[in-house]
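A.B. asks: We have chain L; now place chain E onto it with these hints.
What follows is each chain in one-letter form.
Number of protein chains: 2
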Amino acid sequence: MKNIPDVLQDLLSLTSKGLVRSEIRELLKLTRQPGIISFAGGLPYSGLFPIEEIKDIIHSILDKEGEIALQYGPTEGDSRLIEFLAGWMKETEGVDVSEDNILVVSGAQQALDLIGKIFIDPGDPLIIGLPSYLGAIQAFKSIRANMVGARLDKQGINVETVEDILRTYTAKAQKIKFVYVVPDFQNPSGVTLSLERRERLLQLCYEYGIVLVEDTPYRDLRFEGEPVPMFRSLDEKGYAFSIHTFSKLLFPGTRLGWIVADKSIQEKLTMAKQPTDLCTSPLNQSIVYEFCRRGLLKTHISNIVELYKKKRDIMINALEEYMPEGSGIDWTHPEGGLFLWITLPENMDAGELFPKAVEKKVAYVVGSAFHFDRSGHNTMRLNFSYPSEEQIDEGIKRLANLIKQELSQTSLF
Amino acid sequence: MKNIPDVLQDLLSLTSKGLVRSEIRELLKLTRQPGIISFAGGLPYSGLFPIEEIKDIIHSILDKEGEIALQYGPTEGDSRLIEFLAGWMKETEGVDVSEDNILVVSGAQQALDLIGKIFIDPGDPLIIGLPSYLGAIQAFKSIRANMVGARLDKQGINVETVEDILRTYTAKAQKIKFVYVVPDFQNPSGVTLSLERRERLLQLCYEYGIVLVEDTPYRDLRFEGEPVPMFRSLDEKGYAFSIHTFSKLLFPGTRLGWIVADKSIQEKLTMAKQPTDLCTSPLNQSIVYEFCRRGLLKTHISNIVELYKKKRDIMINALEEYMPEGSGIDWTHPEGGLFLWITLPENMDAGELFPKAVEKKVAYVVGSAFHFDRSGHNTMRLNFSYPSEEQIDEGIKRLANLIKQELSQTSLF
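Those protein sequence lines, which keep their order, are chains L and E. So that you can map any letter, position 361 of the first sequence is 373 in my numbering, and since no number is skipped, the others follow by simple counting. So that you can map any letter, position 200 of the second sequence is 212 in my numbering, and since no number is skipped, the others follow by simple counting.
The shape of chain L in the complex, shown without the other chains (with noise of 0.2 angstroms):
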C-alpha cells in the first residue's frame, strides 16, 4: 500500500506537478543573516510608511462606517475608491476612464492571475520580457501559458523581435493572446520604454488583433526626464489593459491594486475574480480611500521619490566609484522606481557569484530568475529603495571588491 504523501501526489493537477519551490526564494532566506546588506529585496522602504495618519484614518472609519468596513463588499470594490481612480487617471495622465473600466483587485499580482486566467488556456502564447517581473512570469507559469521571449535593451522591450514572433505565430495559426510589458522602470532593469516602441507595440496590436498588458507598479515613482505616455493614453481603440497597484505608492500591507480594462472584459474579471476571493478586503479599501481622499496621496508620493532618487544616486555613484572600469560591466540609470540592473561579462556567472557574495555579507538576485527561459546569467538585479544610505555605498563596495577578485582570478587562467 502506499503512503500517504504518494497518494497525495498521484492526485495532483498537472498545473501543481510543475509548481517547484521557487530557487530565488531559497536564496532569499540566505540573505536574511545578520550583518548582510542585501540589494535582493524588493521592498517599498518602510520607514516612509505614513503610520500616524493611517492610526487617524482607522480610527475614523470605525467610528464611521465600521459595520460596513468589516462586512463583505461587492466584488467589483468599493465604489468610491473606484471613482477617486478614475478622477486620479483623469488627472495625473489625462487618461479617460469609467467607474466601468475599473475593478479593484487585492494587489497587483490578483490582476496577473486573473488576466491571464480570463485569455490563457494551457498551452496558449503570450509575449514576455526576457527579462521580466518574477510574480508575472510565475502567474502564467501557474496557467501553463506558453510564453515567448522578447529580449529588453536600454530602451526596453525589442519590438522587431515582438514583430516576428506575431508573424511566426500567426504563419502558425497560433493566436498569441497579449504582450506583458512593465513600461516604466521595469523590474527588474529598471528601463523606460521609448515612446516610439510604444506607439508602434500599439500598432502590433491592433494589426494583430491582440491586447497589450501594461504594469505600472513604479510609474508614478519618477524621479528625473519627463514622463512617457502610457498605453492607455495612446490607444484609442481599447486594446490596452493597465495594472495599477498602491504597494509601492503607500504601502503593500493593504494589499490593494486595480486594472483598467475595456468594458467587456472588465465583466469577465470580476466574474474571474468573484470565485478566488469574493471581495477585497472592505476595511483595507476604506483605509487607501480615505488617505486618498483627504488629499495625501500625493505629498506621500513626493516624499518616496525625493527619498528613493537620493538612494539611487548613491548607488549610481558608488557604482562609478568601486566598479573596475574598463572590464565591460556595464549597469542602467533607471530615471524612477525601485530597481538598477547590472550586466557582468559574458564569462562570469552571477548565480556562482551568489554565495561568494553572501560570504562577503552582500546579496542581490541573480538575473536568471527573472528569465523564464533561465537566460541572462551575467546579469543581477539591485533594489536601491530599502537598504540605508549608507548601506548602499557599503554594499557596493562589497560587490566591486568581489567581482574584482573575480576578474583577476578568471584572467590567470
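Since the hints were derived computationally from the structure, they do not count as laboratory data. Don't take each hint at face value.
To be clear about the criterion: a stretch of chain E counts as covered by chain L if any three or more of its residues have a C-beta under 8 angstroms from a C-beta of chain L, and this derived list gives those stretches [said to hold, decoys possible]: (1) 53 to 64; (2) 109 to 122; (3) 146 to 155.
Keeping only pairs whose Cα atoms sit at most 30 angstroms apart, straight-line, the calculated DSSO-like set for lysine-lysine is [stated by the list, open to error]: (4) L:Lys184 with E:Lys29; (5) E:Lys76 with L:Lys67; (6) E:Lys67 with E:Lys322; (7) E:Lys184 with L:Lys29; (8) E:Lys41 with L:Lys275; (9) L:Lys153 with E:Lys153; (10) E:Lys76 with L:Lys322; (11) E:Lys187 with L:Lys153; (12) L:Lys310 with E:Lys322; (13) E:Lys310 with L:Lys76; (14) L:Lys29 with E:Lys249; (15) L:Lys29 with E:Lys275; (16) E:Lys373 with E:Lys409; (17) E:Lys41 with L:Lys29; (18) E:Lys321 with L:Lys76; (19) E:Lys67 with L:Lys76; (20) L:Lys321 with E:Lys76; (21) E:Lys29 with L:Lys29; (22) L:Lys310 with E:Lys67; (23) L:Lys67 with E:Lys275; (24) E:Lys310 with L:Lys67.
Beta carbons: idealized from backbone N, C-alpha and C, even for Gly.
C.D. replies: What follows is chain E alone, placed relative to chain L:
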C-alpha cells in the same frame, strides 16, 4: 474589420467563455429595494462586530509594529497567527496540527480556489453535495471540473451515492480527485452530517485513495447538541483537509481564513498561492491575531451563538405558526449556523415564486442556485443571522401568506 469587443471576445480562454453573470447575484440586487425583508443574504450580523476592541487593537499594532504590518509578509502567513491557530485547533477540536499543516489564506473562498487548482485539471471529476455552497460551485466551475452530485437529506450527504459514484468512476478508470463537504450546519441546507456517515465517508476516501475536503465556516456556531467530530480529528492518515474562516466567527472584512492539510500538500498550496496574491494582508492578519491573543475570540463566539440561536428559534416558531399545515412544506432544524432550508411541494417552483415574493416585500435565495445541475426547483434558502427579530417574524408571515395563496390557486387547476 471587427469592433473591439469582438476582437477581445475572440481572445478569451475557454474558462472565461464559460463564465456567466450569476443570476443569483442579479436577483439579490432586487432584494435591496426599500421595505423588503431579505432572507437572501449570507451576511453575519454586523451589529455584533467588536468595533471598539478593533479600534484599540489597530492603534496598538500601528504603534508597535506598523512598519511590519504595512509591509509585504510571507506567503505562508504570519507565524504568530499560525501558532495561535494550531493551539486553537488543539484546544477546541483536540486535533494535533503542526504549523507546517497550516496555510493562511485570503478568506475561505481562496482556499477553494487553491485546492481546486492543485488537484483539478479541466474535466477531472470531484464529488459535491446537491445542494452545496454556491462559492464552491463557482470555484470548481471556473477550473472546469467535472462536478458529480450526491443528494443531501437531513443526515447530510448520501454516502451510498458517494460510494456508487466512486465505484462507477473507478470502473471507467476515471479518478475522482476529492469529495467536498460542509459537514456542520451546511450552507445552504443547515443540516449536519452524522458521525456514522462521516466515518463511512472517510473509509471510502481511504479505500479509493481520494481526499476529503471539509469546509467548516459555521462549525463553531453550534446552538445545541453535541459537536460531531471533524473529519480531521477522525482521520489518522492525512486524507482529510479542512477549510476555516474568520468571516463568521469575527467578521468578513479582513478576508482571512486558513487551510489545514497534509504537509506534502501544504507546500503545493503555498506555491499555488504565491502567484495568485503573493501574501494575505499582513495588517489584517495582525488585527485578527491580536484579537485572538487577547483571548477575546471565545466570548465573542458565545455572543454570536446566543444571538443566532434566538433568531433561529424565532424563525422556526414563525414557520410553525404561519406555514399551512398538511401542505407538504418542510424545513430543516439547524443546530447552528446561519441558514435554514425549505422544501415546497413538488409542483411548486421557488424560482417562479420569487418575483411574487419580492412584490410582497420578502426575499430568499432560490434553491436551484445551490445545485450545480440546476435541480432543486422546489427549494429555498433562508438566512436568519442578518435580519432583525421583528423582520424574521414579519418576513415569514409574508412568505407563508404567499405560499398559502399559491396553494389555493394551484389546487384550483
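A.B. asks: Given the hinted pair lysine 310 (chain E) and lysine 76 (chain L), is their Cα-Cα distance within 30 angstroms?
C.D. replies: It holds: about 27 angstroms lies between the C-alpha atoms, which stays within 30 angstroms.
A.B. asks: Would you mind confirming whether the straight-line C-alpha gap from lysine 29 (chain E) to lysine 29 (chain L) stays at or under 30 angstroms?
C.D. replies: Cα-Cα ~26 angstroms, so holds.
A.B. asks: Is lysine 187 (chain E) within 30 angstroms of lysine 153 (chain L), Cα to Cα?
C.D. replies: 25 angstroms, holds
A.B. asks: Hey, lysine 310 (chain L) versus lysine 322 (chain E), does the alpha-carbon distance stay inside 30 angstroms?
C.D. replies: With a Cα-Cα distance of about 50 angstroms, the restraint between lysine 310 (chain L) and lysine 322 (chain E) is violated, given a limit of 30 angstroms.
A.B. asks: Assess, step by step, whether the Cα of lysine 310 (chain L) is no farther than 30 angstroms from the Cα of lysine 67 (chain E), and give holds or violated.
C.D. replies: Cα-Cα ~27 angstroms, so holds.
A.B. asks: Does lysine 153 (chain E) sit within 30 angstroms of lysine 153 (chain L), going by the straight-line distance between their CA atoms?
C.D. replies: 21 angstroms, holds
A.B. asks: Can you confirm whether the C-alpha distance between lysine 67 (chain E) and lysine 322 (chain E) stays at or below 30 angstroms?
C.D. replies: 28 angstroms, holds
A.B. asks: Lysine 29 (chain L) and lysine 275 (chain E) were given as a pair; does the straight-line alpha-carbon distance stay at or below 30 angstroms?
C.D. replies: Satisfied, since the Cα-Cα distance of roughly 15 angstroms is no more than 30 angstroms.
A.B. asks: For the pair supplied as a hint, lysine 321 (chain E) and lysine 76 (chain L), is the alpha-carbon distance within the 30 angstroms limit?
C.D. replies: 29 angstroms, holds
A.B. asks: Is lysine 321 (chain L) within 30 angstroms of lysine 76 (chain E), Cα to Cα?
C.D. replies: 29 angstroms, holds
A.B. asks: Would the hint linking lysine 67 (chain L) and lysine 275 (chain E) be met if the CA-CA limit is 30 angstroms?
C.D. replies: This hinted pair is violated, its Cα atoms lying about 38 angstroms apart.
A.B. asks: Decide if the proposed pair is consistent with the structure: lysine 184 (chain E) and lysine 29 (chain L), CA atoms, cutoff 30 angstroms inclusive.
C.D. replies: 24 angstroms, holds
In summary, the structure is inconsistent with hints 12, 17 and 23 from the numbered list given earlier, while agreeing with the others.
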